[in-house]
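If you read the protein sequences in the order shown, they are chains A and B.
According to my numbering, the residues represented by the first sequence are 1 to 469, in order.
According to my numbering, the residues represented by the second sequence are 470 to 938, in order.
If you are wondering where the hints come from, they were derived from the structure by calculation, not from laboratory data.
Quick caveat: nothing in here was measured; it's all calculated off a predicted structure.
Backbone N, C-alpha and C fix where the C-beta goes; we use that ideal spot for every residue, glycine too.
Misleading hints may appear alongside valid ones.
[Stated by the list, open to error] Quick list of in silico lysine to any residue cross-link-like pairs, SDA-like style, CA-CA up to 25 Å: (1) K44(A) with K838(B); (2) K44(A) with L621(B); (3) K168(A) with P518(B); (4) K193(A) with V918(B); (5) K838(B) with P49(A); (6) K44(A) with P523(B); (7) K44(A) with Q608(B).
[Said to hold, decoys possible] Chain A is nowhere near these chain B residues, computed Cβ spacing over 10 Å in every case: (8) T485; (9) R515; (10) P523; (11) R525; (12) I574; (13) D581; (14) L586; (15) D623; (16) S625; (17) R673; (18) E828; (19) D829; (20) P879; (21) Q896; (22) G935.
Protein chains: 2
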Amino acid sequence: MLLGSNYPSSSLSDRTLETVLRERRQRLAREIDCSVVLWAGRGKSRNFPANRYPFRASSHFLYLAGLQLENAAIRLHDGQLELFYDDPSPSSILWHGETPSRTEIARTIGADAAFPLAELPSRAGGAATIAVQNDEVRQQQASILERSLSPLDDLSGIDRQLVRAIVKLRSQHDAGALAELRQAAAVSIEAHKAGMATTSTANREAQVRGAMEGVIIGYNMACAYNSIVTVSGDVLHNERYDGALNAGDLLLADVGAETPGGWAADITRTWPVSGTFSSTQRDIYEIVLAAHDRAIAAVAPGVEYRTLHLMACETIAAGLVDLGILRGDPQSLVERDAHALFFPHGLGHLLGLDVHDMEDLGDYAGYAKSRARSQRFGLGYLRLHRPLEANMLVTIEPGFYQVDAILNDPQRREAYGDCVDWERLAQFADVRGIRIEDDVLVTNEGAEVLTASLPTQAEAIEALVGDSP
Amino acid sequence: MLLGSNYPSSSLSDRTLETVLRERRQRLAREIDCSVVLWAGRGKSRNFPANRYPFRASSHFLYLAGLQLENAAIRLHDGQLELFYDDPSPSSILWHGETPSRTEIARTIGADAAFPLAELPSRAGGAATIAVQNDEVRQQQASILERSLSPLDDLSGIDRQLVRAIVKLRSQHDAGALAELRQAAAVSIEAHKAGMATTSTANREAQVRGAMEGVIIGYNMACAYNSIVTVSGDVLHNERYDGALNAGDLLLADVGAETPGGWAADITRTWPVSGTFSSTQRDIYEIVLAAHDRAIAAVAPGVEYRTLHLMACETIAAGLVDLGILRGDPQSLVERDAHALFFPHGLGHLLGLDVHDMEDLGDYAGYAKSRARSQRFGLGYLRLHRPLEANMLVTIEPGFYQVDAILNDPQRREAYGDCVDWERLAQFADVRGIRIEDDVLVTNEGAEVLTASLPTQAEAIEALVGDSP
Numbered sequence: 001m002l003l004g005s006n007y008p009s010s011s012l013s014d015r016t017l018e019t020v021l022r023e024r025r026q027r028l029a030r031e032i033d034c035s036v037v038l039w040a041g042r043g044k045s046r047n048f049p050a051n052r053y054p055f056r057a058s059s060h061f062l063y064l065a066g067l068q069l070e071n072a073a074i075r076l077h078d079g080q081l082e083l084f085y086d087d088p089s090p091s092s093i094l095w096h097g098e099t100p101s102r103t104e105i106a107r108t109i110g111a112d113a114a115f116p117l118a119e120l121p122s123r124a125g126g127a128a129t130i131a132v133q134n135d136e137v138r139q140q141q142a143s144i145l146e147r148s149l150s151p152l153d154d155l156s157g158i159d160r161q162l163v164r165a166i167v168k169l170r171s172q173h174d175a176g177a178l179a180e181l182r183q184a185a186a187v188s189i190e191a192h193k194a195g196m197a198t199t200s201t202a203n204r205e206a207q208v209r210g211a212m213e214g215v216i217i218g219y220n221m222a223c224a225y226n227s228i229v230t231v232s233g234d235v236l237h238n239e240r241y242d243g244a245l246n247a248g249d250l251l252l253a254d255v256g257a258e259t260p261g262g263w264a265a266d267i268t269r270t271w272p273v274s275g276t277f278s279s280t281q282r283d284i285y286e287i288v289l290a291a292h293d294r295a296i297a298a299v300a301p302g303v304e305y306r307t308l309h310l311m312a313c314e315t316i317a318a319g320l321v322d323l324g325i326l327r328g329d330p331q332s333l334v335e336r337d338a339h340a341l342f343f344p345h346g347l348g349h350l351l352g353l354d355v356h357d358m359e360d361l362g363d364y365a366g367y368a369k370s371r372a373r374s375q376r377f378g379l380g381y382l383r384l385h386r387p388l389e390a391n392m393l394v395t396i397e398p399g400f401y402q403v404d405a406i407l408n409d410p411q412r413r414e415a416y417g418d419c420v421d422w423e424r425l426a427q428f429a430d431v432r433g434i435r436i437e438d439d440v441l442v443t444n445e446g447a448e449v450l451t452a453s454l455p456t457q458a459e460a461i462e463a464l465v466g467d468s469p
Numbered sequence: 470m471l472l473g474s475n476y477p478s479s480s481l482s483d484r485t486l487e488t489v490l491r492e493r494r495q496r497l498a499r500e501i502d503c504s505v506v507l508w509a510g511r512g513k514s515r516n517f518p519a520n521r522y523p524f525r526a527s528s529h530f531l532y533l534a535g536l537q538l539e540n541a542a543i544r545l546h547d548g549q550l551e552l553f554y555d556d557p558s559p560s561s562i563l564w565h566g567e568t569p570s571r572t573e574i575a576r577t578i579g580a581d582a583a584f585p586l587a588e589l590p591s592r593a594g595g596a597a598t599i600a601v602q603n604d605e606v607r608q609q610q611a612s613i614l615e616r617s618l619s620p621l622d623d624l625s626g627i628d629r630q631l632v633r634a635i636v637k638l639r640s641q642h643d644a645g646a647l648a649e650l651r652q653a654a655a656v657s658i659e660a661h662k663a664g665m666a667t668t669s670t671a672n673r674e675a676q677v678r679g680a681m682e683g684v685i686i687g688y689n690m691a692c693a694y695n696s697i698v699t700v701s702g703d704v705l706h707n708e709r710y711d712g713a714l715n716a717g718d719l720l721l722a723d724v725g726a727e728t729p730g731g732w733a734a735d736i737t738r739t740w741p742v743s744g745t746f747s748s749t750q751r752d753i754y755e756i757v758l759a760a761h762d763r764a765i766a767a768v769a770p771g772v773e774y775r776t777l778h779l780m781a782c783e784t785i786a787a788g789l790v791d792l793g794i795l796r797g798d799p800q801s802l803v804e805r806d807a808h809a810l811f812f813p814h815g816l817g818h819l820l821g822l823d824v825h826d827m828e829d830l831g832d833y834a835g836y837a838k839s840r841a842r843s844q845r846f847g848l849g850y851l852r853l854h855r856p857l858e859a860n861m862l863v864t865i866e867p868g869f870y871q872v873d874a875i876l877n878d879p880q881r882r883e884a885y886g887d888c889v890d891w892e893r894l895a896q897f898a899d900v901r902g903i904r905i906e907d908d909v910l911v912t913n914e915g916a917e918v919l920t921a922s923l924p925t926q927a928e929a930i931e932a933l934v935g936d937s938p
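Just chain A, with the same shape it has in the complex (with noise of 0.2 Å):
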C-alpha cells in the first residue's frame, strides 16, 4: 500500500489563502504603482474541442488569484483585488454539477470586487499585464488593454517594470509558498520510492513511469512536467517510455508532482536495474554525488549561483580525473569546459510555481540584470545565474552522460583529444546517464534540502530497489 492515511490536504485552507494572497498584492503594490491585470488563461483542446488538456492557469495569475479559475482575470491596484469571472450558465451546472460562483469564489480570495467578464474592458485601461501561453487569450489581452503586447526580448514602460516586480516577489518564496512546495516535494518523494520498489517486477520503463506517477495521481496531483524515466540517459529530454529494462542498466527517473494549487517539485534519481550497481556505474555515481553534496553545502544567501555552478563541475572533473578519464588539472579542464563534455547542462533553475519558475519571463527570473548568457559550452546551458537568496528555491542536479552527438563530434574530439583518455572511458560503456537532483530552500543558516528524506547515497538506493526476483 503506497497511500498511507497522511493524505496531503489539498491546499491552503480557504482561510490561509486569503492571507495569504493579501500580503502577496501588498507586495506587489510596494514595488509597481500601476494597475495590474492579470488572465488566467483557457483550456487547450487535444483532438477534439470538448476533449482538452487538464486546465493549467497561468502561474502569475496562480500566485495572486490563488485557483485555477479557467477564462478569469484580476486587475490588482493600490493592493486591492478586482476579480473577472462569469458565473457557470445552467448548462455548464447541468453537465458539470455546481461550482462555486463568482462571490463565493471572490470570498475565498479575498476579493476586493466581483464583477462579470464584460466589466474588464472598462476597468484594465492603463493596466500592465504578462502575456499568457495562449495565442487566442494573447490577442484578448492585447485587445481589452488597446496596445499590442510586446516580446520579451523588447519589454519596456510598465510591462517591464511588472516583470521585475513579479520576479523580485515570486523569487523569495512565502510561508503559502513553501508549504504547496513541501507537499510537491512529499508527494514525489513517495513517487520514486514507488518507481525503485516496482523496479525488480517491471520489464519496461513506462511501467516504472506508471507506478510512480499513478502516486502523483492518487495524491490529486498533477505531473509538474513531461516525465523522463529512461535507461537511455544520455538523451537529456528524453519522454520515451518504450525501453526494455535490462540487468545491467542504470533508470534514470526524473518525476516531480504539482500540487493543485500549481506549485512543483522536481527530483531525479538514477538507479541500478539490478539493484545493485556495477563498479563502474558505482563510481561514476560517487562523482555525480560529490558534485551534488558540495553545491549543496555552499547554498547560503549571497552565493552566486554560478559559483555553485563550477563547483560541481571541478568535482565532477577531478572524479573523472582520478578515474583516469580525464587528465589535467580540474580547474583547467573546467576552465576549457572539458566537463561538459559529460556534464554539458547547468546545475538547476529556480522552482516554484513552474519547474524552471518563471522561465515564461525568459531570462528575466534566472538571471541577474545586467547579465546574458555566456557563449561557453560549459556555461550556456545555465539556467540560473544570480545571488541566492533567502527563501529561493532551487534545484541541484549535476549529472554525468556519454551523449553521442558530442562525444562522437569529431571537432569536440579533437578540441579535447589530449584531455580525454577514450580507451579508459569505453570501460564506462554501462554509464549512459545519472543525475541526482534534489529541492533546496536557501534559509539565512545556509539550505534545507525539501527533498532530503528521498535517499542519494548509492547503498541506500540499492536497499529501496532491492533485488530482481
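Starting from the structure of chain A, add chain B where the hints point.
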C-alpha cells in the same frame, strides 16, 4: 502484480503499418478526386514554452500517416503519399537523442516522396484540408493553401467532399485499426480491474484514479480523455477527484486508454465502495444493466442507433415503473421524455481515433446526411443518429443519475409531476449515478463487445472489488 508479461506491442509492426496506410489512401482516392493536405499540428505549451502538454497529432493525420509526427504534413493524391517534415536539428539531437530522419519515416509509412516543410507551399495548391485543433497551425493552413478555412457549419466544395470521404473511411474500421482498438480495450480493462481492486484500501477518489491511470501509463499508453472517477456520479462530466470514499457510496469510473498510435477505448463501470451494492443500488444497477444488455443484443448492421437509444430508454422507464419511481406506460413515458429525468444523455457515440470519434467534424460523422439534432430533452444529447454498419465501433452506455439541476427544476417537476413518485424516489437517495459502458463492434453477425472480459454483472463486480478490510 498488475502488469504481466503480456505487454502489448506499442503499435503495428512497420510492415503492417505501411500496408494499412496504403490501403487507406487507396480508399480515400476512390472517394475524392482532388489532392488532400493534412497537418499533424503542434505541441501546446502548458505554463511556459518548454513545458508542454504531451503532443497528440490530429486524428485525420494519424489515420493516414500513422505516426505522431509533430509539425509534419502529408499530401495525398491518387493514392500517392508525400511527407513534409524537417529533419531534427543538431541541437534537437543533443537534447532528444537520435530520432528517425525524414527518409526513415517516409520508408516506415510507405511515402512515395518526402520533402522539407519549406516545400509544402509550392505543392499544396488546390488541396482540400481539415482544420486542426490549433489556432496557430490553422492560420498556417490557410496561408499555405492561400484561402480561408470555412467553419464546419459553412463547409462547401472540396473541404466538404473531404470531410464526407474521411467520415466514410473512418466509420468502418479496418484490420489495422481494430488491432489497435483491441489493445486499447485490453489495457483499459486491466485499469478498471486495478481500480476495483484498489477501492477497498483507498479513502479518496484520487487514489482509485491513480491506480487506474498508473496501469494505462504502465503500458505506455495515454488516457484517451480526462478520467471520471467519482462518488458523485450525478455530476456527468465530473473532473474532480478529491471526494472521500465512504462505505455507502457508489464509485463511477469512466476511464479509457489510448494507444501510442492514437486509438481509444472508453469504459465505464460503477461499483460499490464497500464491495456490496445496497438493495436500492442493486435495483437500479440491474435496470441500467438490462438497458445495456438489450441495446447490445440489438446491435447489427442496418439497425438505427437511435432505435437502440430508445430501446434503452424504454427499458429504463419500464424498470423505474416496476420500482414505483415512475408511473405509466414505459413507451408513453419515453415519448414524453420522462426517462430523461434520470438518463439525460445519449446511449453512446462512435469510437476510434477519438473517444467521440470525429467530433472535431461536428455532427458530420455522428448524424446521417440531412439529419439534425432533435430539440427534445430525451434526444437532443444523442451523438449518433445513423444506421449501424459492419466494422463500426460504438459505445453503449446507458445510465441513471439523480441530477439536482434536473430533478429540482420547477418546470420539470411540474411537467412530470404526474408520472414521478418523488417519495418513492427519495428511498433511492444512495444512487447518485450509475453508468455501464462498453465498446461494441458491429459485425456481420451482430455485435462483438471488445470490452466483454470486464464483467458487468453486479455479483461479478462485487467479487472484483472485494470487501473493505
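The hints, checked one at a time:
1. K44(A) with K838(B): violated, 30 Å
2. K44(A) with L621(B): holds, 19 Å
3. K168(A) with P518(B): holds, 21 Å
4. K193(A) with V918(B): violated, 39 Å
5. K838(B) with P49(A): holds, 22 Å
6. K44(A) with P523(B): OK: K44(A) and P523(B) at ~12 Å, within 25 Å.
7. K44(A) with Q608(B): Between K44(A) and Q608(B) the Cα gap is close to 16 Å, so the pair holds against 25 Å.
8. T485: holds, 17 Å
9. R515: violated, 5 Å
10. P523: violated, 6 Å
11. R525: violated, 5 Å
12. I574: holds, 15 Å
13. D581: holds, 27 Å
14. L586: Label holds. Min Cβ-Cβ 20 Å, cutoff 10 Å.
15. D623: holds, 17 Å
16. S625: Non-interface label on S625(B) holds, nearest chain A Cβ at 21 Å vs cutoff 10 Å.
17. R673: At about 6 Å from chain A, R673(B) fails to clear the 10 Å cut-off, so the statement is violated.
18. E828: violated, 4 Å
19. D829: violated, 4 Å
20. P879: The claim stands: P879(B) keeps its Cβ more than 10 Å from every Cβ of chain A (closest is about 13 Å).
21. Q896: Holds, because the least Cβ-Cβ distance between Q896(B) and chain A comes to about 23 Å, which exceeds 10 Å.
22. G935: holds, 14 Å
In terms of the numbered hints stated before, the structure departs from hints 1, 4, 9, 10, 11, 17, 18 and 19, listed from lowest to highest.
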